[in-house]
Structures are given as structure tokens and as C-alpha cells.
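S.K.: Put together the whole structure using the sequences plus the hints.
Note that the protein sequences, when read in sequence, are chains A and B. According to this note's numbering, the residues represented by the first sequence are 73 to 524, in order. According to this note's numbering, the residues represented by the second sequence are 1225 to 1588, in order.
Rather than coming from a laboratory, the hints here were simulated on the basis of the structure. C-beta: ideal position from N, C-alpha, C; glycine also. A hint or two may mislead.
Some but not every residue of chain A turned toward chain B, in silico, with C-beta under 8 Å [what the hints assert, rightly or not]: (1) 147; (2) 162; (3) 166; (4) 173; (5) 177; (6) 188; (7) 195; (8) 229; (9) 231.
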Amino acid sequence: MSDTSIQTGPWAATPKMRSAAPVGPADDGTMRVDFTGRRGALFWLALKTGFFTILTLGFYRFWMKTRLRRWYWSAMRPGGHPMEYAGDPIEKLLGFFIAVVILTFYIGLVNLLLMFVSFSVFNSSVIGYLASFAGVIPLWFYARYRARRYVLARTRWRGVRFGLEKGAWGYAWRALWYWFCTIVTLGILWPRMTFLLEKYKTDRMFFGSARLYQGGRWPMLYRATLPFVFSLIALGASIAWVFYIDPVFDGDAITATQLIKELDDAMNGSWSSFDLLGPERLLLIPITLSGLLFGAIYYRWVSKRIMANHKLGPGVQFASALSGVRVTFIYVLGNFIAYLTLVLGLVSLVLLALVVFVGGDMVLADDIWGRNYLADLPRWISVVVFAVLYLTFFLLWGVLYNTFVTFPLMRHMARTTTLPVTEGLGLISQRDRDDFAEAEGFAEALDLGAAI
Amino acid sequence: MSLGFDGLGAAYFDGDRPEPQEVSLHIASGMLQIGLDDGDTLRWPVGEVRQLPDHAGKTGVVLRRITDPVGRLYLTDKSVLEHLPHLTRRAPPKGRGRLVAWAVAAVAAVAFQIFVLVPLLADNLAGFIPPGGERALGEATFGQIREALDESGLSPLEICEGAEGTAALNALVGRLGGDRDFSQEVTISVLDHEMVNAFALPGGFVVLFRGLIEAANGPDEVAAVLAHEIGHVISADPTRHALRSAGSIGVLGLLFGDFAGGAVVLFLAERLIAAQYSQAAEIGADTFAHDVLAQAGINPGALSDMFENMRAKTGDVDGLVAHFLSHPSLGDRINAAQAEVEEDAVYTPSMMDADWAAVQTICD
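M.R.: Structure representation (C-alpha cells):
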């Protein structure tokens, strides 16, 4: 094992991309990424671990997350060799405890004092809530970087560790500044934020001894914003057309409150109050709103693709053929299936609650002896049954999301990624283990480690 | 005896360079022998070989030796596995002491925070909130509670405003106050809801539910509840409680991983309804109620009558009774209230029959 890095950045000279390498057959030296897992196996793993999580009142979640990551990592196989997730659930639990010890004092005392000041000085709780929320934002970015560092430190491929340099506070204050710039320019500088934050992380990322480098410039991400921008323009134009230029609602400029009142009347069956001019044009609003949603997903993933195509290592180059449309499709279909289950689950839960708490007489037919077994159960049993169903329902949501959103997303990402240049791999050697006492504890405690 | 296995597609990674090395595989004399291209042969005792768990897909497994944290053997011929006895055996636990220490520290930190530090700070700071701020806090919370209790989902729960009933209740507050005029500090409202309950909010808001008035056996029981809640107002219990909640809810949210969620606000309102004051605060409010009732010439035993009446009526742990039952000393408190009743004293009802009738119909 050698400790000397072959690219101890900062880079002496900015590495140059090879002329765009076309994604060709494997024999031209392009390394492909396979994805081997089956959806059914993942479903059972998620179901099993989720079940244990509920049984242990949430403590198994550290094991659940570890096992799911192991599974996903080993399914992704660049060059046919599986990635490895070497994280340990116990270290996650420990990290969580450490984070709780540190954060309780911050959050408890700071919230209490903010509330006090808010009531004493401003006579209102809103300022207190805002300040308490704002106080957590830098911590949130900090935790995000730390969580990424932990995950990379526990990720290996071909026995060699990945890694991320320290620098969480640098990330947090940069993120705050870029967000500020984005907000004051009404979102025009959003691609700059996306790019610079990704560059901050990529430039500090290692595979073994090799440092990665994010090439390119931030304006190249504007391409990815096109669907969003078009949808925004279309939405603005539709609103202008339907409500101002040629209003659907009769005549005089109608204020929002009037409109709501008239809609209320309409609900009550009195349509008489206004005439509609081409009401079918109102459909433009949901259509353009969906376009906006598509634009947001498209931007998020296509910007990832563009940046992946400009990521470099010494003698290693990445290429991604990820499809923004396909990713949107995965999101929409996956969420649809998961939400459908959610709604069906909710409906049956409500029916059951009616049976249990209102008494079964109205819903379930009594048996021939005139008794109703469900309604005769002691109250505490019905409460327990209700609680168990409630938890089951959340368990299923997580399982379905993993199966129908995360799985196809990971698969699509893996299969569209290639490494057209891999000559540099032979020069890479192992890096030291990054001992990381608090693991992703902060992210866990602040509830942002939910993503795989 | 030596067993050979198919090394095609298998690869050894030495834990230093990300380059696959082709291997030939044998098991002989209790060793997994991994022959490398450069002529070296690695010998792994079969008992020391482990398989990486939760491996996706049917093709391939990854093996490691317990003494080497980074070296990996990728296999495609799974017939090797049956010769390796301890593939899934766990590593002996290490660092458990440290884990336990931090677990204890985390529990202690949260407990210290919720039971010592936050109450201490809240008690001390509560006195410094100016009346305007307290009033605003109470108004905001009252609004949230009214919205939370509303079942139609349209407008906040109605406040009952029958003119005569309101006047009678205000007169009762005046009578309870005697020389000390509570009417400056206390605002009394009745909410149109069947819950048998009453609570106090910061800024002197005392709220009775219609259900409590309906369940009461007479005006004295309502007066007793009122006196108890005024006791909380006078000692600023609700304000402390609100500050405490602000401090401790964030901490609890941390444990359950739902910080800064919208649920926090609602939870806060709910906590205030089911206000679990400390036992000392409850007993303080009881004592206050005894004194105030006795001074006003109202039977202090009404408080215990009210507890027993509720218990008999609902026959279950419900509403107000549950609220008080959560404190183990209910029996003591009933006895304490009865001890205040003096044999030879002459008590007058807390209000006239006509006024009581007006209070009972305040929501109509």
C-alpha cells in the first residue's frame, strides 16, 4: 500500500479532456457499468429490514440502511466487478448518539432562547420559528457534506477505497452564499450554484490515491434548464391569456376572493352567477404546471449528466448517457404506484378505524347471534391493531419507494454510465482508512439521511 | 486431497491497486489456495474466509479473509462455498464499551436537557416575558387549539358568547378574586366542544369546554375548576410550559428524526391542551383554589366533588379525569380538598340559579 498520491492536488495543470469519447462497444477500452440485482430480491430485503425497524422502534434503521446500501452497491458493477459498501451499522448507531449529545444542547437551548426573544421583543412566535429554522440551515449543509464523506469513505471498488477530503464548513458557507446569490437573482444563477457545489465536492473526492476533477464551466448547465424555462414562460403566458387578456370568467377584473366566492357558489349548485368563455382553456394551467415539474426533474438529472461528462481522474474519464425523460418517467410511474398503494392503504385504514372506534354495526354485518367480534374487542387491542396498521403502512411506503423509484433510478444511472478512458487505473493505489467517529450521525439526527 | 475450482471470471484484488488478477483456485489441507499469475499462491485457512453479505444478483460472490481488511476475492464458481464453513460468522464485537458509553451519554444529555436545563431556564425566563408578549403567545396558541379541534376543517372552533352566561362567569371571576381583582389578568372563554376539560394559556386565558359545564353537577364545581385554572395563571405555569415545550420539542424531534417539520406546531398546541404541569404546579393550583374558594364563601369541597363526579359519570379514564389521573396523588388531592371543608362554616352557592342556567346555555 502506498501513501503517496499520484495526483496530490491542487492540480499542477488543469487536466485536458480527450476529444469527446463516443460510447462504443466494450472492446475499444470503454468500461461499462452493469447492474445485476433483481427487483424482487430488493423488495424482500426492504420489507424484511423495514419490518425489523418497526419491531425495534426504529433502532434497526441503521442496519436497514447498511443492508440496503450493501445491496445497491454490490448490484453496480463497473467492469463487471461489484462495488462494495463497507459501512458498519454499529458505527452509524454510535454516530447518531454522538450527534444527539452535541445537537440536543444546541437545538434545545437555542430554540428556547429564540422563543423567549421572539415573544419578548416581537410579540409573536413567527420570528422565533423562522430564526430557529434559519439556524439549522448551515448545520444542514454541514451534515450533508459529512454524510457524503462518510458514504464515500465506506465505498470500495476492486478493493480500493473512495474518499472525500475534510471541508464540511467550507461547503456549508459556500452553499449559503450560492443560495443567497441564487435568491437575489431570482434563480438565474441557480446553475452556478449547482455547478460550484458539485465542483467543490468532486475536486475533493478520491478513488484510492487518485483525485478527481470537475471540468467544464457553470454556464454549460443552462442547456438543462430549457424545459423548465419554457414551462415557466408557457405558464405565465397561459395565466395572462386565461385571466387577463381574454378572461374565462365573465367581464370585469375579478379578484381572487371574488373568484373563490363564486367557485363556492358553484359548488353549491348555483352556476348562474357567471358565464365561462372557453373554460377548456383552464386545462392549460395543470398542463404547464406538469411541464414545470418535468423541467425540475429534468434539470436535476441532466445537470448531473453534463457534469459527469466533465469529470476526470488521472487517466480516467467518465461518460453518462442518462436520459432526463426516462428519469422523469421513472419518478412519475414509481411515485404513482407508491401513492396508489398509499391511498388504498389509507382508505382501508379509515374503514377499519370506523369499524373499531365507531362500532362495527354500521359497516360490518353482525353474525347470526347478533354479535360483532371486531367491535367486542377490548379498546386497548383495537388501539394496538390500529397502531400496527399505521406503522405497516409507512413501512410499505418505504419498501415500495425503494422498489419502484430508487431501484430503477439506480439501474438507469448505472447502465448509462461508462468509463471511456481507464488507462490510469493501473497507477492508482489504496488510500488510508478514514476513521469517522460520528459516521452520518448529524444527517441522521436532522433527518436528511433518508436518501440512499 | 486437493479440490480444483473454475477460476474463469474470478479475480483477486490485493487491496492496493484496482487491477483484477487472474487466479486459479484450489482447496487443499484446510486452505483455500489462490494461485496468482506471478507464481505466488495465497493460502487462506477455510475457517477464516467470510462472504460479503447482502450481495445483489445471482452471479458472483465476494470473499475476504478476516485478517485482511481490504483484499477481496471475486468468484463466479459457487461450488467453492460449500467447503468454507464459517462464511457468515460475525466478527467478534469491538468497541461495544464505547457504544454503550455514548448511548448512555445521549440518553443522559436528552434527559438532562428536558428535565433539568430546559425547565430551569423556562422557569427563570418566564418571569421576564413582558405582558404583551405573553398575551400574544396565548392568543397564538388559542387560535391554533381552536383550529386543531375543529372537525369541519373550515373555520376555527366557535367561542360561546351568550351575553348573560358570559356576564355570570365574569361575575364569578370577580367574586373569586375578592380584594385581588383577577379580571385584569384573566380572560375567560367557553369553547363549543363536548370535551370535559379546561385549561389555562399564557397571558391569562382560561378556557372551559362546553362538555365540562354540561357534566358539572352544579355551579360550584365549575367555580372550583375555574379557581384551579386561575391558580395556574397567577403562578405563570402556562408561560413556563410554553417555553419548555419550545425547548424540549426540538430535542425530541431530533431523536425521532423529524426536526423542523410542520407537525411541531400542532404538537405544541396539543401538548398545551393536555398540559401536564409538574405535580408541584398542580398542587400549588389546588391550594390556591382552596383558599380562593374559602375566601369567597364557596365550598372548597367542590373540587373533590368535581373529580368524583367526573369519575362516576364517565366511569372510565377520560377527559379531565385522565388529565388528573396521570398524577398518582388524585386520592390525596381529593382528601386535601375535603380537609379544607369546615364543619361549621356556612357556604353559599357560587352563583344564583338564573345565572347558572345562563352559563349552561351559553353556547345556544
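S.K.: Please name the hints from earlier in the document that this structure breaks, with their numbers sorted from lowest to highest.
M.R.: The structure conflicts with no hint, since it agrees with every one listed earlier.
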